[in-house]
Every structure is written in structure tokens, then in C-alpha cells.
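Participant: Going line by line, the protein sequences match chains X and Y. Mapping of the first sequence onto my numbering: residues 1 to 646, in sequence order. Mapping of the second sequence onto my numbering: residues 647 to 1292, in sequence order.
Hints were generated in silico from the structure; no laboratory data involved. Glycine included, every Cβ here is placed at the ideal spot set by N, Cα and C. A couple of the hints might just be wrong.
[To be verified] Facing chain Y, according to a computed beta carbon distance under 10 Å, are these residues of chain X, among others:
(1) Pro40
(2) Ile43
(3) Val93
(4) Val325
(5) Ala565
(6) Thr613
(7) Gly614
Protein chains: 2
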Amino acid sequence: MSPEPAPRLSVATVCLSGTLEDKLDAAATAGFDGVEIFAPDLIADPLSPAEIGDRCRALGLSVDLYQPLRDVDSTDPDRFAANLRRAEAGFDVMAGLGADTVLMCSSVAPDAVADTDRLAEQLHALAGRAGERGIRIAYEALAWGRHVDTWDASWDAVRTADHPALGLCLDSFHVLARGSDPGPIADVPGDKLFFVQLADARELSMDVLSWSRHHRLFPGQGGFDLPGFLAPVLAAGYSGPLSLEVFNDVFRQADPLRTAVDARRSLLALAEATALPVAPLGTAGTVHGNTATPPARTAPAGTRRGVGTDPVAVPPPELAGPAFVELHGGPELGPVLRGLGFSRTGVHRTKQVERYEQGGTRLLVNAAGDGPTAVAAIGVESADPGASARRASRLCAPPLPRTTGPGEADLAEIPAPDGTSMFFCRTADDGGAPVWSHDFVAVDEPPVPGAGITGIDHVGLTQPYDAFDEAVLFHRSVLGLDTIADGQFAAPFGLVRSRALADGARRVRLALTVSLLRRGEWSPAVADPQYVALATDDVLATAAAARAAGVPLLPIPANYHDDLAARLELPAATMARYREFGVLHERDADGDLLQVCTELLGGRLFLALVQRTGTHDGHGWADAPVRMAAHRRSRLAHQHRRVVEP
Amino acid sequence: MSPEPAPRLSVATVCLSGTLEDKLDAAATAGFDGVEIFAPDLIADPLSPAEIGDRCRALGLSVDLYQPLRDVDSTDPDRFAANLRRAEAGFDVMAGLGADTVLMCSSVAPDAVADTDRLAEQLHALAGRAGERGIRIAYEALAWGRHVDTWDASWDAVRTADHPALGLCLDSFHVLARGSDPGPIADVPGDKLFFVQLADARELSMDVLSWSRHHRLFPGQGGFDLPGFLAPVLAAGYSGPLSLEVFNDVFRQADPLRTAVDARRSLLALAEATALPVAPLGTAGTVHGNTATPPARTAPAGTRRGVGTDPVAVPPPELAGPAFVELHGGPELGPVLRGLGFSRTGVHRTKQVERYEQGGTRLLVNAAGDGPTAVAAIGVESADPGASARRASRLCAPPLPRTTGPGEADLAEIPAPDGTSMFFCRTADDGGAPVWSHDFVAVDEPPVPGAGITGIDHVGLTQPYDAFDEAVLFHRSVLGLDTIADGQFAAPFGLVRSRALADGARRVRLALTVSLLRRGEWSPAVADPQYVALATDDVLATAAAARAAGVPLLPIPANYHDDLAARLELPAATMARYREFGVLHERDADGDLLQVCTELLGGRLFLALVQRTGTHDGHGWADAPVRMAAHRRSRLAHQHRRVVEP
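In isolation and in its complexed conformation, chain X is listed as follows:
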């Protein structure tokens, strides 16, 4: 890789919630180099442009772009003259801010100029005014522009206008949402690429304006090929900032610091994918990467940034599957795990943690502290846990401070956006650094007979409302997983978004869900359910063993099985067993997914037994509404029992 300088990383104030002050503080604290300032943010601010510019500089931020000039060109000469005066007022603001580049959007107005030569003439006139003041016009084609709605149409106009103060602004959303080929961007002279804005999106079937204004995402959170967009941009010789312009309904009202950290992570991961060098943050900047409670919003100015061009690009960990799943919970979990065929094989030397094993499947039970029964952590096997943790730090996800006893494995604990911890660890003892399993002292206890569990199939985690897209990016970038399913289903108490991530070999699977709308006061559902899906090759046998050992299995309504019998035409004997154990059965072209769930263990956690046939790649979402209604019912029944029984 050539020793080219690291690109500057910028974020538009439109990406972040709050007043301009909130946004600048968040951008600086997250470690951005610069910002795009959106005019309405400035207009609502009591500081003058010069004071805002001073504030940015004090925070270590450059003002890389002021935006936008709208609807400047006009078929009406008087209106065009008025528009030029309006633009000059914008230049005055920029002089105060100390910004030298302004975004001009292609016009959406009825009087927009259609003729390229006439448009170029007006652009030339505008650029002339700008150039006299040392300002550059970055012209951008909105995907819904009246006449100029593709990047090559904007390039036609800019090329024809031929003014040194006029260049292009390229926005990945406008290019990719239209299905335009970014390849030919490589042929644009690099000095005509004034600015590049980056945004991702999920494939949604809606008009492009609504899609753009409400549902943009940070790179890596959606399905756009951002590396494929950036490559020709860089090949053309673009050397300006990589800047995020993401209009998103959730980010607009979420904590701006969390969003800013998420945003910066997206650029670091994109730079990695594009083999760009990036300047790392100093330690102070990384401390509050994605902790559950963000720090006070005071930027530790000056001390924040590191130096050099140390690349992120340590490869993501080779995932050899989950080393363990750690549950937080009390002694009530023991009998359930034993009933599922797990033997208690060890207790931690210094922590209140017990280890249960069945074959190579390991569950830990952490009884320290209060809090509900829940998934506390997932341990993933990494060939080099230390390198994986350093990589996470560079992706704004530093390990939590952690007390390690003498001789214990130094596990890196990375908090995911939902508060669950991810551990990078090694289980096999090859004579290197201490392995985590040695931190446990064997217990002298007879093993219980196994029940056929062969591994962790996946872990299901309901996400905090604001953290869903952040979580997708976190797991993609820090763990190196890919999105393998993206959908939604109608649950009894509202719609639920679902997204599954896994490695290519399907060793590590996460099933993330979130309410489509934030829950309100009427929320009788189980709040934020979580589960661990345990793999078995014979779900009926495993369920039978579990029930015999007293594990409370979730009853499934007869109506479900009646419907299933009609849909799949299964033998009566099979159906009888399904009814007995509450089997949920999904079938698609690739195979079958059979599930049996336990009742809730505490307020939100359950375990599932999962059998896959063929190459079925699902996570039980077709049957989730039935399961959710059943869990709510059993929870109500238990509450009722608690009330009526002494």
C-alpha cells in the first residue's frame, strides 16, 4: 500500500440530533476531523458564524462544507439575480465560519434550467462570484432534481461551465439509489471532485425522496456497495474529506454522541474495506467508544487525537464459533441447565461464575451483582485475542477495564451496543497465553447424562430501540459477521424488525430484533426477550429428555399444530409428538427448522432447542408471533400463580 496520507473524516450536522452545539461537541468527542454545517442548524443558533467557526477550531474540527445552496439556476433572469444575491449572503456566512466549500444542489424548482449550456452559464456566473471570495462551489445532482438528477448530468454541467471554482459533489446515495454505475467516476479529473458524501441504505421499495430523507444509514449498515463507490472516486484522485451525510429518522432523535461514534466507526470500517490508511484516535478518544452510558459531552480538546497513520486493517478475527455463552442469573438456572444435559464442570477462581458443559458446548452462569436473568456475554474463539481487541479499539469499541487475577487469561471484554459483552478468547491450550478455561477450578460432581446438545446454534438479542443499526455495524465490523437475513414480522403487540448476522461458515449467528416503533405505555409483551438457541440433531429426543428432567417447556396452542398439519401434511404420529412437546416447525426450500422453547427463566430469558435439516438458514421468525403470545401467556399465568398461591 502506498504511504498516502490518511483521508480526513467528516460528518454532516444533519446526521446528528440536537442543537448545533450538541452536534459539534459530539462530532469532536467521537474524533472526527471536520464537519459539514447544515444552514438550518446555523440559522437556529445564537452564535454568529465567526463564533461558530471559532468553536469548531477550539474543538479541533474544520468546517469542510457549508450546505446547501438550493434552486439557484432559473429560467427567470430576475429570479436568478435574486438567487445570486441570496448565494452571496451564504458566502458571507462562510467567510465567518472559515469554510471554503459550499454544496449546491441541482434545482428542484419549476423554473430550473433544463438546457445544459444555459445552466453551465449560470453556474459559471455563480462560481465567478464565489471564486472572487476564495470559495468553491460543489455541485451535486439530487436524485429527484428537476432536470439534473444523475451524477453524469451534473458532471456535464460542471465540465461545460469550466470554472476553477466549480466542481462536483458526489453523494453515494444519489448515485447508488438510482442504480447508476459509479465506475466512470474514475475518469473525472480529480481536481474537479470537490467533495464526497457517503451514505448507505437498506433496499426499500419507496420513492427515492422519502428513502433519502428518512432511511439513509451509515456505511456498512445497509446494502449499498460503498467500497465499490469509493474505489473509482479515489482512482480519480480525490483527496478531500470522506464525509457522512445521513438523514435517518432514528439518528435524528438519538443521543448524538452515540450516533457520532457509530458514524466514525462506519468510516473506519469503510476505509479498511477500501484499504485506505486512517489516523487512529489517541487513547482518550477511544475510552467512551460505545459504553452503555456515554460520558459527559465535554470534549477533551487537544489531547484527543493520536498521530501517525496506523491502519485499522488487522483482519477481523477468524471465528471458530462461540467459546461460550455467559448468562447472568441465580441458582435457578442450575437445574434447568442440568435438565438440558449440561454438567457443572467448574467454578471460576475469583469470580462468582460457574461453568456448565455438554460435549464442546459451554454455558457460564454469572451470579455476581443484581439485575435480571439475561445473556451477559458471548465468547468467540479468536486465534489472536489481543489483536482482535486492538482492532476493536481502533473501531471505536475499546475493551472495558477488567480485573484479572494472577495467572488468569487476560480476556478482552468489548461491550456491544445493547450492553452484552463480546469476549475474544482462546479455548485450546497450545502452550501460549493463558486460556480462559483454566480460570475455572474443576468441581467434584458427577456429570449428568447429555441430552443431545451439539452446540450454540445462535443467540437472540432484542436491541435497544436506538441501537439497532448501530448493532448491525458493530457486529459486522468488530466481529466480521455479515447480514444474512433482514425482515420484519407482525408480533402480537406490534411489528418487529429482524436481522440475522453470521460468519460464512455459520459458526457464529446472532438474531437481532427491535420493535419497528418504540414501545409505548401499552406494552404487555415480554420486554426485550433474549434467548440462546442450542443445537440438537433430534429436537424431539432432546425435548423428551429435558421434560423428563423437569425443564419447563413452553406449551404451543393446538390451533398452531392443526394449521401446521394442514400446511405440511405431516404424519399423525409426528404431529402427536409435536403437540406433546410444543414443537414449532418452519419449512422452506432449503430445509426445516424445528424449535422447542423453554418457558421464561426470569423476566426475559429463555432457551431454545433447535434442529436444522438441509441448509435451512432461518431463525424461527415465521413462528415468533406464536411463541411470543405463548410466552406472554405463561408469564401471566406464573404471575397469577404467584398472586393466588401462598
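Following the hints, put chain Y in place on chain X, whose structure we already have.
Facilitator: Chain Y only, in chain X's frame:
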């Protein structure tokens, strides 16, 4: 009008949140006659179909429809045979439920039959099976059906199949969203119209499937012409239930009883608009129309319904403008109102309420009880307050119980969905029933000089998240207002939906807003702001008088006025005055809207001075983000002052 029987009113379980039990209870309590049962609701329920049928009957509900059969026809004979077996399983369920009509959707599957004759043949075969069991197939064209996607295509197939157990299901959404003309429905034989589903929607620019699945509304909440749809349906001779099938993301997770009451109100208002008779509820059913706290969900079975066909159709009140706006608040409001030129002219005989007047503009201040300073009520002039209140009761919005002293006006107090009360009242004393203003005893106090207030321009009310669409229907139906604006704007802390309602003469205007997404934990904005916009013909003079009298006016940033000066090219002298008093100025083709706001009076209420020129019909939403940022700033400054000053 002919003495035809009132139509039965039904609601689909898909409209409501919760388990099937929650939904049936809500539908019964709201007074529906019947339900459509959505198969997935039944499948997730532990009661057998027969038990569900019994439960419906115990609640006084008929099962008017079971739905849906999907993807029945097939170009593959084996698959069609399997689909028929699947349909038979559905018929078994219906036998248990005691339902005789099933909805069949046009197929969306790749193997759907395109040829009308072949499709008709398969429909005939299915209807034959159904007919043998006393079941009717109501065939519906989904707007996104593979081949059959318009109502007339579905009618072609039904007519060609020509089987007595086969008829049409018409869904207003599918007809109106495609822009189909419902007029020719009048020519379909009435006995072939098996079922009619009603749904409204706002005009949204998105694919019809997403629009249908997420954004349907109850009739009267959107922009579809439901009376224009229903008229030809009735002209054809349809006499079955009027049933609601509304897929809506918010309703899916809101309190089902509130939604059910809202739903029933929509049908009553539609029946009124279509001049249909409707059976009223008995008193027990109306008590908990739309109180802020819905009652326990136990249905008072049997006693719920009244008898007869007493129509709703008392016309909505003739609105002669607001009689008063009542603020809840303490003595701190007095100086502000006096500063705005209002004189204290009376105190209520028996309640802790003071009356302030300026010309014909009346504000009441209610100091009873705790709670924040807020808009407590709006009094609207009605020629016959009693009739208006009875009409509201019939629209599931009964008056609150209220203590009236001897000789006092018997005001009907109707709570709106946001908890604000609406009073129907008379101010002019024409010798009839007591007028409300006589309940006040004059105070012996010198009047303050007026400040130019000429009336109540409008009242701005932030709605509870779940109540926005409900509020629109409430104000349209109960007050007889119309939607005059519908939009959204980007506020500093997230997107805001806005909707204005008014009478034709613009005497009564309400500006409703709600966060596009429910607010989360990071909510530094002023929570649920409310305001009363006071009309003036000279906002600068009124603001000058107010400031001279010590009213705290909201400062507006210089950046806003710099931008305004550039946009509107206003004279420097005008701009100087604007800056002095914090004038916000919006201009459109119809005229100008000038506003000056007070700082917050308490936690959420402010007053605005509003001057309109020309026929400007707006509500200040373009400038709302600037105002919101300013209010947050002044609130923080006050909090800070409170902390740092003794």
C-alpha cells in the same frame, strides 16, 4: 330516508394490538357488533375455534369473517389439490367458530392462474366445497395480486365462475389506492357483494404494498373518499357488515380499547356522511368513550347496546369561533396576560377560575389542582350546546361528569384524545339557557389598556404519540373541522408530524403535532409544547406593548434574521424591528405570517402573537425548528439561573 335497518359494524382483529383475547374484549367494549378473525390471531390462541366462537357470542360479537385464504388457485394441478385440502382445514376452523364467510385473496404466488376461465373453474371448485358446508367465499383483489389486482378483475372471475357460494369482497383501500373508479360497483348484483372492508389512508408516495401494510387509517383519518366508495356499494344493494380492515404500525401497538373506540367512531362518522342509520350504544357503552384512562377491559355484556336506529346525524355544531381558551396555571399567568392587554373581568362563582378579556377575546385561568401550566380546555360557540354534546356522545365521545352550581350554565365537557377538554357553549345571552359567562362574578378592578389582540388565531397542541390520528378523527367528527394542512418538519431533536384542522371560515383552528417517532431517553427538547396563538393586526405594536409591560418575549438568533433579510429582501428598518422583538416571518404565495412568541410559562406552555396578511393559511411550521431551539435555550438558561442564583 327509508327505514332500512342499521348496518352491522365490524372490526378486523388485525386492526388491534394484543392477543386475540385482548382484541375481542376491546371490540366488544367499544360496542362493535362483529369481528373479522385473522387466522394468525387464532393460530396463536390456546382456545379452540369452538371456544373462541363461544367467547365471541358471550361478548355479543358475531364472527362476520374468517380471513384469509391465500394463494389458492394454481397452474399446478397437484398444488391446487393440496390448496383445496388446506382450504378445507380452514372450513373446519370456521365450523368451530360459527363463521360462514371466508376471505380469499387473489394470489400473489408465481403459480397463480392468469387465465380468467381457468381461474373461474378453480374458484367454482373451491366454492363447491365451501357451499356444501354452508360457507361462502368472498374473493378479493389485492392491489398487488399477481394477475387479479383490480376489483373489476375479481368481479370478472366471480361472474364467470358463477357459483352461489362465491361472491366479492371489496376493500376500499385496494380500490381507492389504485385510483379505480368505485362507481361501477353499483352495477354488481347486491347478492354478489359478500363483504365490504373499509380503510382510509393519507396520500403517501410509496409502493402500494408497504402503504397498505403499514399506513392504513380508519375512515376520516386520511384523504380517501370513503363516502364516495360506500355509496355505489350501498346502491348495489349490499346489506352486510361495514367492517374495518386497517393495518397500521401505531394501532398495532397501542392500547386496543382506545383503538377500538376510535375505530367505531370512524364508522359512525362515515355512516353519518353516507346518511346511513346507525344503532346507538346504550349508556353503559358510551361512558368510557375516550376518557384519558380507559376502563377495565371487562365487557358489560348484554347491557351494552341500545336499541332502535337513532341516527347520529345531528349536524356538527356551527362553530362561531372559540368562546374561550382555558389555561391551567397559577398566579404567574396574571401579569403575563395583563402585559398582553387582557383585563381580569371576573372570577367563577364556585370554581378557582378567573376570566381575562380583551375585546371579544377571552382567556380563563384555572388554578384548581396541581399539574403543569397547560391548555386545559377550548370552549367553542355552539348554537345548541346540548345537541352538540348529544352528538358527541353518539360519536363515542360522551361528556365528562361535571358538577354544576345552581343557576350555572350546564357546560358539556368533552375530553379530546390528548386530555384537553372541548366545551360546547353559548356566550350571547338571548334569554335561553344560562350562558357560561354569567357563571363569573365581575371583579372591581381597573381595566388594563389593550395591546391589539383581536382574537384566538389558533391553538397548538402536541399530541400523545398514539393519539395523533385518533385526534384528527375526533376533531373532524365531533367538532366538524377539516384537515387543512398535513406535513412534517425537521426539529432540532427529531422529525415532527404536523396537521392543522379548521372550519371553513377559519374561526376555529387547531395545530396538532407529534414526534414522527416516539421520543426516547435522549429528549432534551421541551416536552409536549402547547401554545395559544393570539391574533393581532400589528404584531410589532402588540409585541412592543407586551415587552413594555414586562412580558418575556423569546429572543430569536441574529442568524435567522440575517437569512430572512437575504431571502425576503426586507427594508433595514423592518429588519431592525424584527430583531428587536424576535419576529418570525413566513411568506408564501398567499401572504405572510408574522409571529412573536413568549418564553415558556412553566414547563411547556407559551403564548404567540400572530399577524396574518393576505390569505396566509399556515401555522408557523417552517420557523418552528428555530423557535423550538430558542425555547430549549431559554429553558436551559432559566434552569441554570435557578441553580446559580439564590
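Participant: State for each hint whether it applies.
Facilitator: Taking the hints in turn, this is what the structure says about them:
1. The closest approach between the C-beta of proline 40(X) and any C-beta of chain Y is roughly 6 Å, which is under the 10 Å cut-off, so the hint is satisfied.
2. Annotation: interface hint on isoleucine 43(X) holds; nearest CB of chain Y at approximately 5 Å, less than 10 Å.
3. Nearest Cβ of chain Y to the Cβ of valine 93(X): about 8 Å, under the 10 Å cut. The hint holds.
4. Because the beta carbon of valine 325(X) sits about 28 Å from the nearest beta carbon in chain Y, more than 10 Å, this interface hint is broken.
5. Given the 10 Å rule on beta carbons, the hint for alanine 565(X) holds: about 8 Å separates it from the nearest Cβ of chain Y.
6. Interface hint at threonine 613(X): violated, since its Cβ lies 21 Å from the closest Cβ of chain Y, which is beyond the 10 Å cut-off.
7. At a threshold of 10 Å, the smallest CB-CB gap from glycine 614(X) to chain Y is about 20 Å, leaving the interface hint violated.
Going down the numbered hints, you'll see the structure goes against 4, 6, 7, while the others check out.
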